[in-house]
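Place chain B on chain A using the hints.
Here are the chains, one letter per residue:
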Amino acid sequence: MVDQYLPLWEVFVRSKRGMDHKHCGSVHAADAEQALQYARDVYTRRSEGNSIWVVEATHIVASQPDDQEAFFEPADDKVYRHATFYDVPADVKHM
Amino acid sequence: MTPQDQVVDIDALEKEFQERIDAEKKIEPKDWMPEAYRRTLIRQISQHAHSEVVGQLPEGNWITRAPSLRRKAILLAKVQDEAGHGLYLYSAAETLGSSREQMIDDLHAGKAKYSSIFNYPTLSWADVPAIGWLVDGAAIVNQVALCRTSYGPYSRAMIRVCKEESFHARQGFEGMLALARGNEAQKKMCQDAINRYWWPALMMFGPSDAESPNSAQSMKWKIKRFSNDELRQKFVDQTVPQIEYLGMEVPDPDCKWNEERGHYDIGEMPWEEFFAVIKGHGPCNHERLQARQKAHDEGNWVREAALAYQKKQADKKQSVA
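Heads up: the protein sequence lines correspond to chains A and B, in order. Residues in the first sequence are numbered consecutively from 1190, following the numbering used here. Residues in the second sequence are numbered consecutively from 285, following the numbering used here.
Here chain A stands alone, though its shape is the one from the complex (with noise of 0.2 angstroms):
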């Protein structure tokens, strides 16, 4: 008898309408049907959500922290995209 794996998923949960889905953990599951009943089973029963994603984990792409500094910081310097930049007179209402 060969061992038998099943294939990592990684489960996101939107809590309620409204709300982002959020990543939440992973399971293991044969296919993406089998990883939605698990999922519900292991992430969802106290009612946590009402709609969940799956997504093998081999096809999730991601940034990496060691080029996180490179990566991220052409927004370093664009302190202007800020609205807190700007210099508004107290009493000009409504900015």
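Hints may be right or wrong, so weigh each one.
Restricting the straight-line Cα-Cα distance to at most 30 angstroms, the calculated cross-link-like pairs of lysine-lysine (BS3-like) are [unchecked claim]: (1) B:LYS299 to B:LYS309; (2) B:LYS447 to A:LYS1205; (3) A:LYS1211 to B:LYS309; (4) B:LYS563 to B:LYS518; (5) B:LYS578 to B:LYS472; (6) B:LYS299 to B:LYS595; (7) A:LYS1211 to B:LYS540; (8) A:LYS1267 to B:LYS447; (9) B:LYS395 to A:LYS1211; (10) B:LYS395 to B:LYS504; (11) B:LYS356 to B:LYS472; (12) B:LYS397 to B:LYS447; (13) B:LYS563 to B:LYS395; (14) B:LYS395 to A:LYS1267; (15) A:LYS1211 to B:LYS471; (16) B:LYS540 to B:LYS397; (17) B:LYS506 to B:LYS299; (18) B:LYS563 to B:LYS504; (19) B:LYS563 to B:LYS310; (20) B:LYS471 to B:LYS356; (21) B:LYS518 to B:LYS540; (22) B:LYS310 to A:LYS1205; (23) A:LYS1211 to B:LYS506; (24) B:LYS314 to B:LYS447; (25) B:LYS578 to B:LYS395; (26) A:LYS1267 to B:LYS397.
So these bits of chain A aren't anywhere near chain B, every CB distance computed over 10 angstroms [as the list claims (entries may be wrong)]: (27) GLN1193; (28) LEU1195; (29) HIS1217; (30) ALA1218; (31) ALA1219; (32) ARG1234; (33) ARG1235; (34) ILE1241; (35) ASP1255; (36) PHE1260; (37) ASP1265; (38) VAL1268; (39) TYR1269; (40) ARG1270.
None of these hints come from the bench; they were simulated from the model. Don't be surprised by glycine CBs; every beta carbon is placed ideally from N, CA and C.
Frame of chain A, contents of chain B only:
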């Protein structure tokens, strides 16, 4: 790079790593981390996962014999939670590069440990609420501390576990209270379960600080936040009044309130027994591993069939395309 450069490089990485930890920033899966940190976490998280999974067995033993439908439904939900907690934790350990296969193989081969408390038998119904209240109660003290552990996925799994765990302790105490308010036989059963589970529950916190060689490094890495003895004391302080509320006795003649310390003192712990159980000589070590191995083997055809079905569906899709 010369080997010497590499040494310097590792030193610099380790320094940066420790600074991140000291600044209370979490470590995430793809971050550089010292090999020893990774190994320590894989060992600790997988042991923790195994404990949840093996922990289903002593209580599962009573599902078919629960005294009422209410208790049975509660127990089923509780045991199902333990399976879920095991899965959260395996999932966290896998982010460190450990495979589920390897962890499960190590458990079945007797190479990986799990909490020694689950090597004790559940002899009467009272053991079920006693476990929920004492064993899960002790686990909560440990796990609340671990919610702030330095490794992100472990911390998140612990937060999830803690949210669910208080149901376990409360249903256990309620079950004990029902027995404590029952007839003489029920009261006796209640006290007997406390007598058998009190010391093993205290030993769940591990050896005393003086005997715990890995603790200092784990504290430095903020994997651990409190020492074994600190957590054990916390559990004793919160549990002794609960035993008194039940009208039961703490099975330790030396257990008394120490006004000066502001804590309960306890007697000498039966460490010889603790180490014997860890080494595999507990009442149920063999039985527990056998049950796990059997469940895994008997589930193999299901995994095999599910994979075959997946392959067939994929092939079908491809031939249509």
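Comparing the hints with the structure gives:
1. B:LYS299 to B:LYS309: 14 angstroms, holds
2. B:LYS447 to A:LYS1205: Since the Cα atoms of LYS447 (chain B) and LYS1205 (chain A) sit roughly 18 angstroms apart, the hinted pair holds (cutoff 30 angstroms).
3. A:LYS1211 to B:LYS309: 21 angstroms, holds
4. B:LYS563 to B:LYS518: Holds, at roughly 27 angstroms.
5. B:LYS578 to B:LYS472: Cα-Cα ~35 angstroms, so violated.
6. B:LYS299 to B:LYS595: With Cα atoms ~48 angstroms apart, LYS299 (chain B) and LYS595 (chain B) exceed 30 angstroms; violated.
7. A:LYS1211 to B:LYS540: 48 angstroms, violated
8. A:LYS1267 to B:LYS447: 40 angstroms, violated
9. B:LYS395 to A:LYS1211: Distance ~35 angstroms between LYS395 (chain B) and LYS1211 (chain A) Cα, so the pair is violated.
10. B:LYS395 to B:LYS504: 27 angstroms, holds
11. B:LYS356 to B:LYS472: Within the cut-off at roughly 22 angstroms; holds.
12. B:LYS397 to B:LYS447: Holds, at roughly 25 angstroms.
13. B:LYS563 to B:LYS395: 11 angstroms, holds
14. B:LYS395 to A:LYS1267: Violated, at about 54 angstroms.
15. A:LYS1211 to B:LYS471: 47 angstroms, violated
16. B:LYS540 to B:LYS397: Not OK: LYS540 (chain B) and LYS397 (chain B) at ~33 angstroms, beyond 30 angstroms, violated.
17. B:LYS506 to B:LYS299: 15 angstroms, holds
18. B:LYS563 to B:LYS504: 28 angstroms, holds
19. B:LYS563 to B:LYS310: Violated - the C-alpha atoms of LYS310 (chain B) and LYS563 (chain B) are around 34 angstroms apart, more than 30 angstroms.
20. B:LYS471 to B:LYS356: Holds, because 21 angstroms separates the two Cα atoms, which is no more than 30 angstroms.
21. B:LYS518 to B:LYS540: 14 angstroms, holds
22. B:LYS310 to A:LYS1205: 27 angstroms, holds
23. A:LYS1211 to B:LYS506: With Cα atoms ~26 angstroms apart, LYS1211 (chain A) and LYS506 (chain B) stay inside 30 angstroms; holds.
24. B:LYS314 to B:LYS447: 27 angstroms, holds
25. B:LYS578 to B:LYS395: Judged against 30 angstroms, a Cα distance of about 17 angstroms means the pair holds.
26. A:LYS1267 to B:LYS397: Distance of about 52 angstroms is beyond 30 angstroms: violated.
27. GLN1193: Answer for GLN1193 (chain A): violated, closest chain B Cβ roughly 4 angstroms.
28. LEU1195: 6 angstroms, violated
29. HIS1217: Non-interface label fails for HIS1217 (chain A): nearest chain B Cβ at 6 angstroms, not farther than 10 angstroms.
30. ALA1218: Nearest chain B Cβ is 8 angstroms from ALA1218 (chain A), so the label is violated.
31. ALA1219: Contrary to the label, ALA1219 (chain A) does not stay out of reach of chain B, its closest Cβ about 4 angstroms off (not over 10 angstroms).
32. ARG1234: Incorrect as stated: the minimum Cβ-Cβ distance to chain B is 6 angstroms, not above 10 angstroms.
33. ARG1235: 7 angstroms, violated
34. ILE1241: 15 angstroms, holds
35. ASP1255: 7 angstroms, violated
36. PHE1260: 13 angstroms, holds
37. ASP1265: 18 angstroms, holds
38. VAL1268: VAL1268 (chain A) clear of chain B: closest Cβ-Cβ about 23 angstroms, beyond 10 angstroms.
39. TYR1269: 28 angstroms, holds
40. ARG1270: Per Cβ check, ARG1270 (chain A) is outside 10 angstroms of chain B; nearest 24 angstroms; holds.
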